[in-house]
Each structure stands twice: as structure tokens, then as C-alpha cells.
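Student: Residues per chain, in single letters:
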Amino acid sequence: MNDLSQASAHAFQLLLSGNSEIWEIISLSFGVSFSAILIATPPALVIAFFLAFFQFPMRRALISLFNTFMSVPAVIIGLTLYLLLSRSGPLGDLRLLFTDKAMVIGQIMLSFPLLVAMAHASFQAADRRAWETAITLGASPARAFFTLMYEVRFGLIAAIVAGFGRVVAEIGCSMMVGGNILHATRNIPTAIALETSKGEFAQGIALGMVLLVLSLSLNAGVSIFQGKGELQA
Amino acid sequence: MSSLINFSNITISLSGKSILNIDQLDVPAHQCTLLTGRNGSGKTTLFKIMAGLLKPNSAEVHYQGLEMTWKQAKPYIQKDIIYLHQQPYLFDASVADNIAYGLHRLGENKAAAHKKVMQALDWANLSHLAHRSAKQLSGGEKQRVALTRARILSPRLLLLDEPTASMDTDAKQQTSLLLQRLKSEGVSIMISSHETHTIDHIADRHLHIENGQINTLERAVHSNKVTVLNTPKFNA
Ligand SMILES: Nc1ncnc2c1ncn2[C@@H]1O[C@H](COP(=O)(O)OP(=O)(O)OP(=O)(O)O)[C@@H](O)[C@H]1O
Ligand SMILES: [Mg+2]
Numbered sequence: 000m001n002d003l004s005q006a007s008a009h010a011f012q013l014l015l016s017g018n019s020e021i022w023e024i025i026s027l028s029f030g031v032s033f034s035a036i037l038i039a040t041p042p043a044l045v046i047a048f049f050l051a052f053f054q055f056p057m058r059r060a061l062i063s064l065f066n067t068f069m070s071v072p073a074v075i076i077g078l079t080l081y082l083l084l085s086r087s088g089p090l091g092d093l094r095l096l097f098t099d100k101a102m103v104i105g106q107i108m109l110s111f112p113l114l115v116a117m118a119h120a121s122f123q124a125a126d127r128r129a130w131e132t133a134i135t136l137g138a139s140p141a142r143a144f145f146t147l148m149y150e151v152r153f154g155l156i157a158a159i160v161a162g163f164g165r166v167v168a169e170i171g172c173s174m175m176v177g178g179n180i181l182h183a184t185r186n187i188p189t190a191i192a193l194e195t196s197k198g199e200f201a202q203g204i205a206l207g208m209v210l211l212v213l214s215l216s217l218n219a220g221v222s223i224f225q226g227k228g229e230l231q232a
Numbered sequence: 000m001s002s003l004i005n006f007s008n009i010t011i012s013l014s015g016k017s018i019l020n021i022d023q024l025d026v027p028a029h030q031c032t033l034l035t036g037r038n039g040s041g042k043t044t045l046f047k048i049m050a051g052l053l054k055p056n057s058a059e060v061h062y063q064g065l066e067m068t069w070k071q072a073k074p075y076i077q078k079d080i081i082y083l084h085q086q087p088y089l090f091d092a093s094v095a096d097n098i099a100y101g102l103h104r105l106g107e108n109k110a111a112a113h114k115k116v117m118q119a120l121d122w123a124n125l126s127h128l129a130h131r132s133a134k135q136l137s138g139g140e141k142q143r144v145a146l147t148r149a150r151i152l153s154p155r156l157l158l159l160d161e162p163t164a165s166m167d168t169d170a171k172q173q174t175s176l177l178l179q180r181l182k183s184e185g186v187s188i189m190i191s192s193h194e195t196h197t198i199d200h201i202a203d204r205h206l207h208i209e210n211g212q213i214n215t216l217e218r219a220v221h222s223n224k225v226t227v228l229n230t231p232k233f234n235a
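Those sequence lines, one after another, are chains A and B.
Going by numbering that gives the first Met the number 0, the first sequence opens with residue 0, and the numbers climb by one from there.
Going by numbering that gives the first Met the number 0, the second sequence opens with residue 0, and the numbers climb by one from there.
No wet-lab data here; the hints were simulated from the structure.
Note that CB positions come from ideal geometry on N, CA and C, so glycine has one too.
Take these hints with a grain of salt, some might be off.
Just a few of them, taken from the derived set where beta-carbon distance is under 8 Å, the chain B residues facing chain A [stated by the list, open to error]:
| hint | residue |
| --- | --- |
| 1 | 52 |
| 2 | 81 |
| 3 | 91 |
| 4 | 100 |
| 5 | 104 |
| 6 | 108 |
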């Protein structure tokens, strides 16, 4: 018990003193997850829009596919990616295994179905008149798309925040394709797992607090934006 | 009476059901046409085809001396014909920004666009609402903003879907006034309604849609009296 309170006090100290290793891990986590969401979001939004606004063969099937892929465990995505990227795998020549790039790819795969499904729900709820009005007022399809995104922006922001929340906290995929290498691929979740298993509680607790605060605020953010979207509709 | 645009052989089926089968639809220039028909008769569907928003199964368009398929005509009709929804959709922005929306296409600079918007607001007597959020306006106010937003683009033809449904007398009068001004400015107008309504006195011509086809009804110009020739039933 005494150990635990001592460790917690030490954890605060580590965070506040700007312990370079801890902040390096935090910034790597953010960098990887930001990159993943940044890359995944534009194509996800376009696909979600097409799924919501146009009729084409296989549309229903695609929607259920994205919904289903949302529930694929991170560690399975990690395993698949590991097999693809390992030396003998089909993409082995890219030499991406155990790099932060591999982690970004994994997080893109992890967040993509969630982004599509949530954005699709927002576009689905959008008013068709918004699109028609933009077109009849002379907007190009591209501009009409941006107008529509603006009209449902709260729902889309909620989707992006939820996507970020999912990838920043996942451990299975990062562990498998990143390898938890200090200064290279160690992010918050893998560091927590490692430090704790070594009995180094202070760093684990410090990073845990960061992740907890982050996850709670992201979740609150999702609810706030979803609420705003509903109010507006 | 010169023709602005002529549609022929318009057919469309939705969910396997034939909705429209129109041989000829001529829209005269500088005139106001009233289009009546029961609920579900296909007025909205026809307007959306005419505005280039809904793809028909077939349609030919005669416009500006060109004979085109609907697909070929789409860029022209999207540019010159503006469709206004029964309940107009205003973007989540101020009234002034809504009115400025279409000016983007004309590529005008900010100052010129701003001036145009101010003039348009003045034209519609909406200056006092310029900075209000468009989402908060009443139905009648929204309709007038939508009309102004369309007018600023100098369309050749305005298609108004039941513009005065669910409006009180005062709002109807204000809308009617704006429509009359638009007509005097040379804009052709088509108004749809499931009943002959209070603003139809500005109409020069009366079409009726039934069983997917269009009949011309004779009417005394600028009077409220409508003579039904082909004896379709009205919910007057
Ligand atoms: N997307 C669609 N799929 C299937 N049927 C449709 C679709 N849109 C419209 N319809 C049908 O087409 C017919 C014509 O509809 P439309 O909205 O054009 O009628 P309307 O004359 O505008 O009616 P109202 O006076 O109620 O506005 C209706 O029977 C309607 O049910
Ligand atoms: Mg209608």
C-alpha cells in the first residue's frame, strides 16, 4: 500500500519534471495516432458519403462489412499485418515491421471501419435537401460535398474523435507490429504493459493517468459533438 | 409567346412504378406557369428532372437552339434553372452567407459579392435579418431568403415547389409580392401546388398533371377563375 502511494507520488514527479523518456513515449503515441487518423479520415469520409447518398450494387453489403470490421480485435489486425510485413511475408521487402510506420498502418486499419460507419450514420441522417440545394445553386459536386460535410460537421467530428480514441489506447496491434522499442516504437499502452511487468510502477501509473485523462476527455468530446449534431438536426 | 425551354418524352419510373410519361412540356419565357396535381401525382419529381437534380429514364431537351438528351442538357439546366424545395433548405450559416452561397460560382471578389448580397437583402426587405442564423427563421422568412438566394444568380427559370403551403396570409402576400417582382424582372416561374392557391393570380398559364401526363387548362389571364377543360378533379 505504501509502495503504491509512493509510486503514484513518483509518477506525478515524473510527469511534472518533464522526464524526457515519458514525454518521448507520449509524443510518439500522439504522433502515430494523429498520422493514422489524418490519413484514414479523408477516404473514410468519401466512402461514407457514397454509401449514404448513392445507390449502387453491393452498397448494403459494404455497409454491413464496415460494421462487422469494427469489431475485429486489434490483436487480430496486428497479427495479419505482422504476417504481411514479416521478412517472409508478401510485403516483407518494405522492411516496415517494428517501425512506427507499421504502427500507423495498423492504426489506419483499426480506425477505418469505425470512421466509415460513424460518418456514414451522420451522412445518412443529413438532409438530402442540403445536397440538392447546393447543386441547384451551382455548386460543383466537390463543393456540394464540402457543404454537406459542414452541415453534419458535429457528427463527423464525433467520428474522428472516437476513431482517435480507439487507436491511441489500443495495445494489441502496436505491440505486434511495433515491438515496443524504446525511442522508436514504444507508445503509451505498450510502455504501460512493459513497465508494469518489470515492476516499475511509477512510469506505468504516470502514463496510465495520461491515457485515462485522454480517453475520458475524448469520450466526453464524442458525446458533446453527437449532442450538438442532434440539437442541430 | 417565345419558348424558353422545351422538354419532350419525359419518362421516369421509381421503384418499378411508372411515375411520369410526358410527351411535351413547353416552358414559355417570362411567364408564370401554375402546375397543379394531387399529392403524389409527380410534381416534385418533374421539377427535379427539369432542374437537373433527378435522372429520368428518358427525356429530350430543346434549349437555346440545341436538341439534347437530358444528360447532355444537365450542365445547362443546372446552371439556368433553380429548384426551390417545398420547405427550403437553408445552410447552417447567417442569412447573408446563405444568400451569398451561389455567388462563389461567379468568382466575384469579396467586396462585389458583399455589395450584391446587401442589395439582394434590400430587394427582399430582409436587411434586418442579415446576420441572423438562418436555421432560426420562420418558415415564411426561410422561403423569402431562399427566393433571394436564387434570384441573385439571375436564373432563367425558377421552379417553386408548393411555395405557400403552410404559410399564413401575411407570409403568402410577401412571397407573392417577391414572385411578381421576379416575373417583372423577366424570370420565368413555375409554381406547383396540390390545390389552386392564393398566389396563383400571378400565373399566366395553368398545367395539370394526372396519371403521369400533363394537360393544359385554359384560364383567363390574371384572374382567379380557372376553367377546367379536361375535367380532371381538383381539390380546390
Ligand atoms: N425515391 C422514390 N422511390 C419510389 N417512389 C417515389 C420516390 N420518390 C417519389 N416517389 C413516388 O412518386 C410519386 C410522385 O411523387 P412526387 O413527390 O413527385 O409527387 P408530388 O406531386 O410532388 O406530391 P405532393 O403534392 O405530395 O408533394 C409518388 O407516388 C411517390 O410515392
Ligand atoms: Mg411534392
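Student: So, for every hint listed, does it hold in this structure?
Tutor: Consistency of the hints with the structure:
Using the Cβ-Cβ criterion of 8 Å, the hint placing residue 52/B at the interface with chain A is satisfied: the shortest such distance is roughly 5 Å. For residue 81/B, the suggested interface contact is upheld, since its CB lies about 5 Å from the closest CB of chain A, less than 8 Å. At its closest, the beta carbon of residue 91/B sits 6 Å from a beta carbon of chain A; the interface hint therefore holds under the 8 Å criterion. Annotation: residue 100/B was flagged as interfacial toward chain A, and the flag holds, the nearest CB pair being 5 Å apart, inside 8 Å.
Because the beta carbon of residue 104/B sits about 4 Å from the nearest beta carbon in chain A, less than 8 Å, this interface hint is met. Of the supplied interface hints, the one on residue 108/B is violated, with its beta-carbon coming no nearer than about 17 Å to a beta-carbon of chain A, more than 8 Å.
Violated hint: 6 only; the structure is consistent with all others.
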